[in-house]
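Asker: Using the sequences and the hints, build the whole thing.
Here are the chains, one letter per residue:
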Amino acid sequence: DSGVTQTPKHLITATGQRVTLRCSPRSGDLSVYWYQQSLDQGLQFLIQYYNGEERAKGNILERFSAQQFPDLHSELNLSSLELGDSALYFCASSFDLSGNTIYFGEGSWLTVV
Amino acid sequence: DQQVKQNSPSLSVQEGRISILNCDYTNSMFDYFLWYKKYPAEGPTFLISISSIKDKNEDGRFTVFLNKSAKHLSLHIVPSQPGDSAVYFCAASGGAGGTSYGKLTFGQGTILTVHP
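Each protein sequence line maps, in turn, to chains F and L. Residues 1345 to 1457 in my numbering are what the first sequence lists, from first letter to last. Residues 107 to 222 in my numbering are what the second sequence lists, from first letter to last.
One or more hints might be untrue.
[Claimed, not checked] No farther apart than 16 Å at their CA atoms in a straight line, the calculated lysine to aspartate or glutamate pairs in the EDC-like style are these: (1) Lys160(L) to Asp137(L); (2) Lys177(L) to Asp130(L); (3) Lys144(L) to Asp190(L); (4) Lys111(L) to Glu1450(F); (5) Lys1353(F) to Glu1419(F); (6) Lys1353(F) to Glu148(L); (7) Lys144(L) to Glu1419(F); (8) Lys174(L) to Asp137(L); (9) Lys174(L) to Asp130(L); (10) Lys144(L) to Glu1450(F); (11) Lys177(L) to Asp137(L).
[Stated by the list, open to error] Not the full set, but computed from the structure, chain L residues with beta-carbon under 8 Å of chain F: (12) Lys111; (13) Glu148; (14) Gly149; (15) Pro150; (16) Phe152; (17) Val193; (18) Phe195; (19) Phe212; (20) Gln214; (21) Gly215.
Simulated from the structure, these hints should not be mistaken for lab results. We treat Cβ as the ideally placed atom computed from N, Cα and C, and that holds for glycine.
Answerer: Structure, rendered in structure tokens:
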């Protein structure tokens, strides 16, 4: 158990819909990351927040957005969903910005039908 | 453009022998490298890391070697155990004045199978 909690574990939704994935980082960790793992792209970095502020952005689609709240939990919002958005979405956390040790949650499986 | 490559999709090893997993990178700005292990339906688990100022880092049965000139790193597991069977990902970070730390670029993974 990494200490990073993600909900929901599984989600099935229709194209065009919007979903929110939630992440609670490990106790004491200030930095939260979101990654997407799809069959053809592997693990891809989406976005990083540190203490409530966006710090780094990867190949995150404009239809996707994220935020980190004062209690340090984070949400990833996916809208206008397409079939290709079906993937495993991981949240990860670390204490600081260094990224020296990043702990991953178990992921949220999103299936878009 | 795949900046981190794990060219072997799979590796099969006998219990007790050495497992060597390889990883190549192309971005010379990377200066921190990590190995993760992943079981099905679980998130990646951090194993070991190495900074570019070192060429070797050991932690128990796991040793990571870094060859900066060749832009190559490897993970050695000695002795291999059946419980080591999993997907192993290498990842890299760094560059851009430190603002890219935490933005890990992952390889595609190598499936390691350790036979009893």
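Asker: Give me the numbers of the hints this structure contradicts, sorted from smallest to largest.
Answerer: 4, 7, 12, 17
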